[in-house]
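Colleague: What follows is each chain in one-letter form.
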Amino acid sequence: MATDFWTSTHYKQLLDQEEVDVVHNLDKERGITLEDFKLIKLHMTNYIARLAQNVKVRQRVVATAVTYMRRAYTRRSMTEYDPRLVAPTCLYLASKAEESTVQARLLVFYIKKLHSDDKYRYEIKDILEMEMKLLEALNYYLVVFHPYRALSQLLQDAGMGDATQMTWGLINDSYKTDLILMYPPHTIALACIYVASMLKDKDNTAWFEQLRVDMNMVEKVATEILDFYDNHKTITDEKVNAAMQKLSTRT
Amino acid sequence: MSNRSGSNRPEWLQQYDLIGKIGEGTYGLVFLAKIKSNRSKSIAIKKFKQSKDGDGVSPTAIREIMLLREISHENVVKLVNVHINHIDMSLYLAFDYAEHDLYEIIRHHRDKVNQAINQYTVKSILWQLLNGLNYLHSNWIMHRDLKPSNILVMGDGEEQGVVKIADFGLARIYQAPLKPLSDNGVVVTIWYRAPELLLGAKHYTSAVDMWAVGCIFAELLTLKPLFQGQEVKATPNPFQLDQLDKIFKVLGHPTVDKWPTLAHLPHWQSDQQHIQGHKYDSPGLYSVVHLPPKNSAYDLLSKMLEYDPRKRLTAAQALDHEYFRMEPLPGRNALVPPQPGEKIVNYPTRPVDTNTDFEGTTSLQPAQQQASGNQMSGGMAGAHIMGTRNVPRPVHMVGGMQRMQQQQNMAAYNLASQAAAGMSGGAAMNPGNIPMQRGVAAQPHQQQQQQQQQLRRKDGMGMPGYPQQKSRRF
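So the sequences go chain by chain: Z and U. Everything in the first sequence is counted per UniProt numbering, starting at 1 for the first residue and increasing by one. Everything in the second sequence is counted per UniProt numbering, starting at 1 for the first residue and increasing by one.
Keep in mind that a hint or two might mislead.
As the list claims (entries may be wrong) - If you anchor each label on the Cβ, the simulated ranges turn out as follows:
#1 U:R310 with Z:E18: 46 to 54 angstroms
#2 U:E359 with Z:S248: 27 to 35 angstroms
#3 U:H264 with Z:K239: 53 to 61 angstroms
#4 U:P266 with Z:T74: 52 to 60 angstroms
Quick caveat, the hints were computed from the structure, so don't treat them as lab data. We put the CB at the ideal spot given by N, CA and C, even for glycine.
If we strip away everything but chain Z, and leave its shape as in the complex, we get (with noise of 0.2 angstroms):
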């Protein structure tokens, strides 16, 4: 949103494929594998997104959220930080940052709705001490640029109007990877138009070409995107659910 993308600290944070797999030391003793922690971020995005459904806030707030909750974990660990609450306090951090504010107490409400299990009961007071503990971690940086914003223009001027709820689902998805802790939101939406054109048999080669960007980078993450998909498949509820046995059980 704030300023401009060049200048905002967003893209001064941009961090590189190595820098975001690093498993922290305490969560590698308790066997979290770098599958793992993918694991259970992608189930974090998930339950975010589903909480986000039941208390009405916008793609945007989500896409936030998630945001917030994949840059949190390059610098603390799981062990420390229990994404089982830090996943709604993101949302509850980002609903603030993005102007449309979730009372705690209607979280809390919904993540019992949710989740009868036990690992997953957090009160008002853990949420709002994870807020703080959040605003540290995120070195208040709160501001987050995303994928949707030149969305609608970049179609529209490729000719791919019809194509716009593709693109969006899409970049949803990108949500579910660390895509958007290392690439410039602009290249993360050209890169879901690239694989929209894909899946829609439309030749965009020219457009593309006329705008200048760094294609190789592009491609690189359309590939990413279709590995994620490729991959998705061979998700089970048995591997997420062994990676989250993994994490610590509350005190």
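Please arrange chain U on chain Z, whose structure you already have, making use of the hints.
Modeller: Relative to chain Z, chain U alone:
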């Protein structure tokens, strides 16, 4: 400090020497502190209380932090640090300290030295204010609460006389808002509130800030608020007829001819009897500000006070105005004119209540006393004002209410209205109003009247830097 008085003090606190409290507001306190490792550096620390409604960090604080972390400009206050005390769940924003602000500077000229602010200072302050605002606007940030107490001026030191826009508790990013901005409640202190807001505009632009700058410009020239309406207190967002009346009396009646979208504004449509029915004649801004109509200052002022927000001058256009190309040229140190022989006005320093600690409780601590003594030699307070802080001024805190010094004859100024504007809405509304206490004990009857008000806010937020080029890379 951590083991003193038995409280659980966070470690970060040890880097500061607390001098005392310099302000207090509805949801926080402001303290003056020095950095232990660099005692010439003064810091204003704004403490946000945990909100009472059990909803964590106030959205105002979140907004302020998120904006201030992104922006950086010489004419915007600099946020130097954010701290958290997990034990009492309080949040602290540390800003570069600015000794003065336009509210106090204007008041000093009006009530103490009885003399207009010199032209160089007025022009330099205005230019820097516009420069900071142009930066904010080009980054899609509206301030929405500009008023003299939010415009800080640096005291002695390397940045002496540099203007800093402060208090971003109401500021908004205006790209793709999730909700209409008006849902966030009333904004902008009533005296500086733009006519489109007073008439109930749902969507408004950065032009609201330019209206406020126009009002502040006039106030710098005349030492009196330009449009001093009586605020109607009601929630939410009551119609402020008196404020419009004050504006129309000076600027004349707005017309659909000159301001085509006027016809669509809710209060213009609904309150025909009062606004449309009343006839205002003799528009005479120049007589109010005592400037000849051909004067360049007058020309600039009148273009900032243009009714139609779409025709109102932008900050960038204002910076280009011939007023700034004429002698005296604006300078970086607004307080000290470059021409030798010009009289330099020594403004008073902020009063500090040295009896209040970070918890807001009154407990005199030896370390703090020492600190307040040391500050004399700290170099921040300039030589010419050293005497004024020698002894902490007696600031009587009554029941935790802040009070400010007020001149008897100033009772009409700064009524609660000034502070309360913008507070009537929902959670998002609480502006960063942190009243600063000013001065010595007020008269008892004034105290009551003024308890709620905020005269002062000090804050800081900040950023170094310059308006960046907007390089859209594709």
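Colleague: All the hints need checking, so say for each whether the structure fits it.
Modeller: Now for the hints, and whether the structure bears them out:
1. For the pair R310 of chain U and E18 of chain Z, the beta carbons lie near 51 angstroms from each other, so the given range of 46 to 54 angstroms is met.
2. In this structure the hint that E359 of chain U and S248 of chain Z lie 27 to 35 angstroms apart at CB holds, the actual value being about 34 angstroms.
3. For the pair H264 of chain U and K239 of chain Z, the supplied restraint of 53 to 61 angstroms holds, since their beta-carbon distance comes to about 58 angstroms.
4. The hint said 52 to 60 angstroms for the Cβ distance between P266 of chain U and T74 of chain Z, and at roughly 48 angstroms that hint is violated.
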